[in-house]
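Novice: The residues making up each chain are set out below.
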Amino acid sequence: MPFVPHTDEDIRAMLAAIGVESVEALFDEIPRSLRAHPLPELPPATNELEIVRLMHSRAEHDRRYRTFIGAGAYEHHVPAAVWQIATRGEFYTSYTPYQAEASQGTLQVLYEYQSMMTALTALAVTNASLYDGASALAEAVLMAVRTHKSSRRVLIPRTVHPSYRKTVRTIVKNQDIEIVELPYDLPRGHVDPQYLAEMELGDFAALVIPQPNFFGVLEPVDALTDWANARGALAIALVNPLSLALLKPPGRWGRNGADIAVGDGQPLGIPLSAGGPYYGFMACRKELVRQMPGRIVGRTVDAQGRTGFALTLQAREQHIRRSRATSNICTNQGLMVTASTIHMALLGPEGLRRVARVCHAGLSMLLGKLSAVPGVSRVFDAPAFHESALKFSVPAEDVLRALRARGILGGLSLKSDYPEIGDGVLVCVTETKTESDLSEYASHVARIVGDRFTPAPCAPNSAP
Amino acid sequence: MLIFSLSRRGRVNAAQAPRETELGPCVIPAEFLRTDPPPLPEISELDAVRHYTRLSQLNYSIDTQFYPLGSCTMKYNPRVANTLAMLPQFLALHPAALEDTGQGFLACMYELQEILKSVTGLAAVSLAPMAGAQGEFAGVAMIRAYHDARGDRARREILVPDAAHGTNPATAAMCGYTVREIPTDTSGDVDTAALAGAVGPQTAGLMLTNPSTLGVFERHIAEIERTVHSAGGLLYYDGANLNAILGKVRPSDMGFDVLHLNLHKTFSTPHGGGGPGSGPVAVSAELAPFLPVPIVEQHAEHYRLADETMRAQSIGRLSAHIGQSGVLLRAYVYARMLGTTGMRRVAEFATLNANYLMAELRKAGFEVAYPERRASHEFTVTLKALKERTGVNAMDIAKRLLDKGFYAPTTYFPLLVPECLLIEPTETESKQTLDAFVLAMKEILREAQTDPQLVKSAPHTTPVRRLDETKAARDLDLAWRPAASA
Chain A
24 MPFVPHTDED
34 IRAMLAAIGV
44 ESVEALFDEI
54 PRSLRAHPLP
64 ELPPATNELE
74 IVRLMHSRAE
84 HDRRYRTFIG
94 AGAYEHHVPA
104 AVWQIATRGE
114 FYTSYTPYQA
124 EASQGTLQVL
134 YEYQSMMTAL
144 TALAVTNASL
154 YDGASALAEA
164 VLMAVRTHKS
174 SRRVLIPRTV
184 HPSYRKTVRT
194 IVKNQDIEIV
204 ELPYDLPRGH
214 VDPQYLAEME
224 LGDFAALVIP
234 QPNFFGVLEP
244 VDALTDWANA
254 RGALAIALVN
264 PLSLALLKPP
274 GRWGRNGADI
284 AVGDGQPLGI
294 PLSAGGPYYG
304 FMACRKELVR
314 QMPGRIVGRT
324 VDAQGRTGFA
334 LTLQAREQHI
344 RRSRATSNIC
354 TNQGLMVTAS
364 TIHMALLGPE
374 GLRRVARVCH
384 AGLSMLLGKL
394 SAVPGVSRVF
404 DAPAFHESAL
414 KFSVPAEDVL
424 RALRARGILG
434 GLSLKSDYPE
444 IGDGVLVCVT
454 ETKTESDLSE
464 YASHVARIVG
474 DRFTPAPCAP
484 NSAP
Chain B
167 MLIFSLSRRG
177 RVNAAQAPRE
187 TELGPCVIPA
197 EFLRTDPPPL
207 PEISELDAVR
217 HYTRLSQLNY
227 SIDTQFYPLG
237 SCTMKYNPRV
247 ANTLAMLPQF
257 LALHPAALED
267 TGQGFLACMY
277 ELQEILKSVT
287 GLAAVSLAPM
297 AGAQGEFAGV
307 AMIRAYHDAR
317 GDRARREILV
327 PDAAHGTNPA
337 TAAMCGYTVR
347 EIPTDTSGDV
357 DTAALAGAVG
367 PQTAGLMLTN
377 PSTLGVFERH
387 IAEIERTVHS
397 AGGLLYYDGA
407 NLNAILGKVR
417 PSDMGFDVLH
427 LNLHKTFSTP
437 HGGGGPGSGP
447 VAVSAELAPF
457 LPVPIVEQHA
467 EHYRLADETM
477 RAQSIGRLSA
487 HIGQSGVLLR
497 AYVYARMLGT
507 TGMRRVAEFA
517 TLNANYLMAE
527 LRKAGFEVAY
537 PERRASHEFT
547 VTLKALKERT
557 GVNAMDIAKR
567 LLDKGFYAPT
577 TYFPLLVPEC
587 LLIEPTETES
597 KQTLDAFVLA
607 MKEILREAQT
617 DPQLVKSAPH
627 TTPVRRLDET
637 KAARDLDLAW
647 RPAASA
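Residue numbers (the numbering used here), protein chains in the order written: chain A, 24 to 487; chain B, 167 to 652.
Calculated directly from the structure, the hints in this document are not laboratory data. Hints are not guaranteed to be accurate.
Every beta carbon over 12 angstroms from chain A, so not counted as near; a handful from chain B, in silico [what the hints assert, rightly or not]:
| # | residue |
| --- | --- |
| 1 | 273 |
| 2 | 317 |
| 3 | 351 |
| 4 | 363 |
| 5 | 395 |
| 6 | 450 |
| 7 | 452 |
| 8 | 465 |
| 9 | 548 |
| 10 | 559 |
| 11 | 612 |
| 12 | 624 |
Computed list of lysine-lysine pairs in DSS-like fashion (alpha-carbon distance at most 30 angstroms, straight line) [what the hints assert, rightly or not]:
| # | chain 1 | residue 1 | chain 2 | residue 2 |
| --- | --- | --- | --- | --- |
| 13 | B | 608 | B | 637 |
| 14 | A | 196 | B | 608 |
| 15 | A | 309 | B | 637 |
| 16 | B | 608 | A | 189 |
| 17 | B | 550 | B | 608 |
Note that the structure is predicted; figures quoted are calculated from it, not measured. Virtual Cβ for every residue (Gly too), placed ideally from N, Cα, C.
Make a model of the complete structure from these sequences and hints.
Specialist: In structure tokens form, the structure reads like this:
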């Protein structure tokens, strides 16, 4: 049978050593009635050639598209070396580094990863990763509430990814925490600090500040951070880590910087891969480190004074504190972090800055091309990073379907999560798109919208 | 040496970075921009490849060493599962477009749900949880949602045996429950009298690992099931040790209402240095409405993802997208390769290997914690007597094993067994490997008696010696910083 190496002779010798007649006898402590139900028929066993054939046929069914969807998962070029090294057996098949002496490779990678994330976020400490961006935000909310003296309320703008807000609600639901959703300014597409100052929001533990926000729009992070801090609350930054090669890091927001930064590490070397595995990151001020969930690696010395690395601050964790732990989390996303660390090392500060710049420039170019197309307009007018919400003069679903027929995933429909926008589509451009990709996108959209939309003579121009 | 010390200012890997020609002007106002570049390393491609290849070589792993890490099921991770999960078409799938562009992928997910229903015997499955601990969270949240939906709000307590993983009580607390521990009797089973005294109208459920973390099958499972259910509580199966009964006993037949599986254990997906895991949940029909979303459904020839709008009673989403897709693909490949016959034999050979190793270690002079019991897929050795005699403790033995070319068993867990090693060989190890391990353990036992200092100061051959963990926690150094700007 697959993956079991025993010969008949091995089995006989082993049973004799144990002193039983059969393998079945080893299960004699299990009540017989429980053993009476054999496993129902599963699909028959396949050998390697057969499973390769099957999976190739499934994969080929899923033909490749040019994707202009972002919305929390971004297509970027990943250098060939990243996954060739990350899937070396020594990384791929090792476990959580409990035995530090036999796990220095993983431990040093995690320490280097922590160093790189503090460099990007300009915050003092980070953990060794969480599951994904959405669950990392939930953990940040829990951490803020643990830290705050009195309030169990957390403010989350509606410009935070809808799935992130839903995930937070699932995870904090039974912990007596109140989530207050904040509105955004409709023509601008971000939270209005002036409006917040005028609202009666009461006492709260934290304000979540997305940068860029779900619409790709840049939030006034300095004003929002200072506003939260002035009210005695923590500022939780929710950031795209790639954008931090270009944008102001959370540690420098406002007068004192954000207190916690979280996000999804996917843009740093992780393929789209149908939604996972990705990883969540969390950075914070030094004073908050003992409230941070998840594994943390520290640099120390060995018995001979040589530099080495080990898991540290384990007293926060479930295997020590059980029901009083900071979180029930035990695994992190070690392999994804390994890939991301190699990715960051290969690209360096200048390479990552170029990726971010090219993404931004690509979006600007696409918006420029679309501005000439009648029946297409931008929903928001504030500066954006590499995503933007568009409106068409025809139903968005029709546009997206027609683009799909041309091999293009044209964007994400905003209709169900943001009905107030109307028929909006969130479109993203990364460095994977060439100028001709952008031209084709614009010309297909012009054709699709033009087929369905002919402005009446003398009607106002609907272009932005 | 850290990657940062290989860095030289101004070095760029032009081949990996995008071209910057013909960029339009940056229209982002200065107030949003970073004023100085992040202090990331500036390394050549060759130096980066060499550095991380060398770091990998400092690790012990399943691919290089026997990894008898109890409770973690470190079995062989088939290479083909990785190759197939990383086919370019799968890697290019955008999570927001799966129904339109990922029908081949969703077919794999749907069939994996069906396979997990078969092996657990339960009615419905969600693949959404991203790790075992998140699966536990989803499971206990469903227990709470079930009681709440019935208006049964007095049930505020989750029962957890004292042998349980730390995640069980931590999870119950995250779901707003108080935790009551149930003691274990002297033969390693749950103390059923204590359980009977603990259940009541406040009982929401019991979380049980079976076989338990002590490496023995819970013989009173039928009585436990009656006690909890007749008090109105639900029975949660922690799938950490499912490998011990996979294909042999179904959790549904033991009366469990809800469970999570650790695909990175039982379904052989890689541990990756501590993740990603994957922790699907399976439930009885009564609990199915509460499953976390999304769930893959089949309608005619089309697969779709049912979200919270279609499943109003769901406990909700657990991640931004659909869960650990790439891990789920690897588990699917593994399950399809095993098929019915392969799956039936997993528990048999995992159990054969564990009982053989236990028998041989006893002959070699080691004391097992429950000598009158069968091992499940793992067993506990207690070194209390050895420590009293020689001063050599469980951690010393673990460290000395590293010198002998083996990864260490789990140490000091479960907490109930003093000076404990929890040893799990898995079904994929050969008799030769197990014999070599026994030989190493014999040598260490002899060394403990003749030269205890040798064992107490182990490891001697690893890249570093024992680390100063007190210093690590006291003088926190969690990130490198550039000297000039410090």
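Novice: Tell me the hint numbers this structure goes against, listed in increasing order.
Specialist: Going through the list in order, the structure violates hints 1, 12, 13, 14, 16 and respects the others.
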